[in-house]
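Asks: Chains as they are written, first to last, in our numbering: chain A, 1 to 152; chain B, 1 to 165.
A few of these clues could be false.
What the hints assert, rightly or not - If you want the footprint, here are the derived chain A segments under chain B, 3+ residues with CB under 8 Å:
| no. | stretch |
| --- | --- |
| 1 | 31-39 |
| 2 | 65-78 |
| 3 | 132-138 |
Please keep in mind that the hints were generated in silico from the structure rather than gathered at the bench.
C-beta: ideal position from N, C-alpha, C; glycine also.
Each chain, written out:
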Amino acid sequence: MKHAQIVLYHLSRLALAFTFVYAGAVKMQDVVAFAGHIAAYQILPYAMNYLVAATLPYVEFLAGLLLLLNTRVRPALVAVGGMNLVFMLALLSVLLRGLDIDCGCFDPGGGQDVSAAAALLRDVGLMILVVLVWWLRAGGERRVARGEEEPG
Amino acid sequence: MLRDLKRIALEACVLIAFGALFGLTLNHPLVMDAFSGRLVSPQSTTEEVNSLAALPMPVLIDEVQQVMASGGLIVDARSPELYALEHIEGAVSLPMVEIDAELSEFLGTVARNRVIITYCSGFGCPDSFDLGMTLISSGYLDVRVFEGGFPEWRDAGLPILGEGK
Numbered sequence: 001m002k003h004a005q006i007v008l009y010h011l012s013r014l015a016l017a018f019t020f021v022y023a024g025a026v027k028m029q030d031v032v033a034f035a036g037h038i039a040a041y042q043i044l045p046y047a048m049n050y051l052v053a054a055t056l057p058y059v060e061f062l063a064g065l066l067l068l069l070n071t072r073v074r075p076a077l078v079a080v081g082g083m084n085l086v087f088m089l090a091l092l093s094v095l096l097r098g099l100d101i102d103c104g105c106f107d108p109g110g111g112q113d114v115s116a117a118a119a120l121l122r123d124v125g126l127m128i129l130v131v132l133v134w135w136l137r138a139g140g141e142r143r144v145a146r147g148e149e150e151p152g
Numbered sequence: 001m002l003r004d005l006k007r008i009a010l011e012a013c014v015l016i017a018f019g020a021l022f023g024l025t026l027n028h029p030l031v032m033d034a035f036s037g038r039l040v041s042p043q044s045t046t047e048e049v050n051s052l053a054a055l056p057m058p059v060l061i062d063e064v065q066q067v068m069a070s071g072g073l074i075v076d077a078r079s080p081e082l083y084a085l086e087h088i089e090g091a092v093s094l095p096m097v098e099i100d101a102e103l104s105e106f107l108g109t110v111a112r113n114r115v116i117i118t119y120c121s122g123f124g125c126p127d128s129f130d131l132g133m134t135l136i137s138s139g140y141l142d143v144r145v146f147e148g149g150f151p152e153w154r155d156a157g158l159p160i161l162g163e164g165k
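Extracted from the complex, chain B is given alone in its bound form (with noise of 0.2 Å):
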């Protein structure tokens, strides 16, 4: 019996490492860039990336703050609605969704030289990354993604404001 339950559990383990092993083989550059600090963003898998130069760089939370701290801008991507109820203090307002009547405003507004930092709602939320890459091709020269977005903002006590709040 407990013969038995050995030989169960190592299979379990052979199963678990195989298994394992098969992933990192496959996603090995991914792991690496992560574990190396060149994280991806979330859309990179399924969009042509050709150079790193012409992608938003992901921040962490202590970046945004510091980008803030020193006259950087963060922007929100998110809906109008959401921007209403809550926004990390500070941002302002450019809907992804609506990004066709808002940009020219935006462009004639906000310095191409100013560093700007864009977020949505979080890991797998594609409209900060999407909102970054229109900037870039705007001409914006210094532009990031906080990946973590509102809910990591929120859920870290910083500022926020809104008719939520």
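Here chain A stands alone, though its shape is the one from the complex (with noise of 0.2 Å):
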């Protein structure tokens, strides 16, 4: 890779995991007001939000982990970029809905009010980041196949 490539790539990557690995550790804390943030979203049944408030923050910690560590990369990325692409669809069926509900992103006790359209905006953000650092990691390792450039 080009060095503004490596760069790019690194600094995308360490964007992504700082994200999830923040997003999944604070929702962590309070597992039943994420649950209620699930629950406004009114999509899943009632035990179901449970079900998710007390796994999806661990996965979404673990996935930005391996980011962080630049370990599995691609692996996490599909996880990230999975997750997200549910996040988006949620967050479209509110704003179609009319629903005036916090998105439930990031701190539930926080009290900061953000808004479905601002945390689709945000959502195609990461989106982006995450198809740039699977097509920046896939031409390194491509330029590295060829024998252009070593190993790094």
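Take the two lone chains and join them into the complex the hints point to.
Replies: Structure (structure tokens):
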């Protein structure tokens, strides 16, 4: 990879990593409040909100951690991209139904109020980062495979 | 290439399964409670819970309507401003933020054996639960919490009153 691409790869990877490690860590602190935020989307049956709240933050944290450590980056990207896609669909359905709720993306007890539209825009940005990191890493590996660069 | 993608997808599944398993291991009592109907209130993770009987029980929207129809009292725990703007039709205001000033009048007018359901601004809002606890410790025998609160009631298209309506 060219120097600029290496810098861009690591910056994008770290931005994604910190976002998901933080998102997972704060939601782990108050799983019940997070369940309430999911319930406000009115998508899942009542008890399922608790099941998702009890598991999702840990998947987010783990995927973020792998990105942070620069190991198993592409499986982590698939997980992060998949979750992000689900979040975007949920937010889109909130917008279409005209519900006025907090997205619950980060600190569930923090009192910050992020509208569904703003959260959807942020998720689009995260999705671009996912694609960018995947593409830069794949490009780097192709060049290494062709012997143009030393593996690194 | 295809083999690579398969491996990546498989590893992603393992990652998700591992994270979910870890979360379930730590939170299984909560999930079990949710699926068996013994739902805990949004505040119970941060407070010591010694006796279930001393906690206001969570109710769903259908039960709120049943209790209203059978003479129970619906109590709005939100601020007086929010109550004035919009509230569940038939609900009385007992704002948690002014509980010290307002409680004595409430105690003087509402019988201790009347069924009471508190609500506030939905999930994650602690006032309805806190008010429920206050009412139980004041001697009320049957206090319940409508966790979906005003947003769920409004979104269900049920009757509301107030200046903002």
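Asks: With a Cβ-Cβ cutoff of 8 Å, does the stretch 132-138 of chain A contain at least three residues near chain B?
Replies: violated (count 0)
Asks: Can you tell me if the stretch 31-39 of chain A counts as covered by chain B, using C-beta to C-beta distances under 8 Å and a minimum of three residues?
Replies: That given contact holds, which follows from 7 residues of the stretch 31-39 of chain A lying within Cβ reach (below 8 Å) of chain B.
Asks: With a cut-off of 8 Å between beta carbons, are at least three residues of the stretch 65-78 of chain A near chain B?
Replies: holds (count 6)
Comparing the model with each numbered hint stated earlier shows that hint 3 is the single one that does not hold.
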